[in-house]
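Going by the working numbering, the sequence shown opens with residue 231, and the numbers climb by one from there.
Hints were generated in silico from the structure; no laboratory data involved.
Predicted model, so just to flag it, every value in this text is computed and none were measured.
One should not assume that every hint holds.
Pairs of lysine-lysine residues, derived as DSBU-like cross-links and limited to a Cα-Cα distance of at most 30 Å, are as follows [claimed, not checked]:
1. K440 <-> K460
2. K440 <-> K381
3. K381 <-> K396
4. K396 <-> K467
5. K440 <-> K396
6. K450 <-> K440
7. K396 <-> K450
Quick list of the computed label-pair ranges, beta carbon to beta carbon [stated by the list, open to error]:
8. F266 <-> G345: 21 to 27 Å
9. I331 <-> R455: 33 to 39 Å
10. A385 <-> Q344: 38 to 44 Å
11. P391 <-> F266: 46 to 52 Å
12. R324 <-> R402: 36 to 42 Å
13. E341 <-> S302: 38 to 44 Å
14. R319 <-> Q441: 33 to 39 Å
15. L445 <-> R319: 21 to 27 Å
16. P391 <-> T279: 19 to 25 Å
17. L362 <-> G395: 17 to 23 Å
18. Q398 <-> L357: 38 to 44 Å
19. S302 <-> I327: 40 to 46 Å
20. P444 <-> E392: 34 to 40 Å
Yeah, the Cβ is synthetic: ideal placement off N, Cα and C, and Gly gets one too.
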Amino acid sequence: MFQTPAQHDVALQAPIALEAAVLTAAPLPALSCSPFQVMDLTQATLVATGSERDVYLHPSDKSLLVKIINRSRINEPGRKRPWHKRLLREDAHRVFISEVIEYVATTVRQELPQGNVLMARISGLALTSQGLGLVVERIVDAYGHPAPTLKQIVAQQGFGPELQGKLQAFFRDLIDAHVIFNDVSARNIVVGFNASGREGLYLVDGFGPKQLLPLYAWSKSLNRRRLLRKYGELTRKLS
231 MFQTPAQHDV
241 ALQAPIALEA
251 AVLTAAPLPA
261 LSCSPFQVMD
271 LTQATLVATG
281 SERDVYLHPS
291 DKSLLVKIIN
301 RSRINEPGRK
311 RPWHKRLLRE
321 DAHRVFISEV
331 IEYVATTVRQ
341 ELPQGNVLMA
351 RISGLALTSQ
361 GLGLVVERIV
371 DAYGHPAPTL
381 KQIVAQQGFG
391 PELQGKLQAF
401 FRDLIDAHVI
411 FNDVSARNIV
421 VGFNASGREG
431 LYLVDGFGPK
441 QLLPLYAWSK
451 SLNRRRLLRK
461 YGELTRKLS
């Protein structure tokens with residue numbers, strides 16, 4: 231779950247052509263460098279922070295974000311971590327593995343020519359000045375600003391019939407694609423355009439198998455029942 235440093239007003243139905251949104255989200259020319267060159271984040275824009283990770287705007291491509299593990303926050307005095315997490319060789323970077331697994335699994339299941347349309351797409355891993363980073367797609371609003379979360383949309387405009395229908399369809403697609411959505415929260419869903427200009431709802435955090443016994447990954451039926459229950463809880467909170 232990430233918190234943005236500042237919020238802004240945004241309209242869910244912005245009067246703007248799709249072509250303009252695509253142009254707004256278009257990446258800047260990539261710098262010519264080795265794929266293993268260390269990415270300097272010292273001057274990069276911090277766009278969101280979470281309990282363990284920080285998210286930066288990619289320094290050379292505005293269509294991408296870079297997620298990094300914030301070691302100082304993880305090691306804060308008094309902070310407790312589950313014993314099994316302390317035994318992992320990959321340590322806190324396990325979250326990267328979980329997200330990549332979920333991205334690969336659901337992309338394969340969807341079998342769409344445009345790739346995954348349910349979550350921010352993953353570009354890859356990168357070496358950065360702040361450690362290993364996960365490079366992901368940046369979802370934006372119609373003006374090229376960071377896309378608002380579902381929680382922000384509801385706070386500004388309410389949870390009307392149109393948005394209810396979109397959320398219902400989104401969860402139906404999550405169930406069909408057997409997506410493991412662990413932290414079902416309106417803060418982990420954003421409403422906007424992906425880098426290809428497609429408008430919709432997207433998962434940006436809280437997905438991927440995390441249980442010691444991945445029962446929901448093994449059983450689509452169990453995952454369906456859990457998502458339906460979580461969907462009901464979420465809609466009651468938003469109403």
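*Numbers of unmet hints, in rising order*: 9, 10, 12, 14, 16, 17, 19
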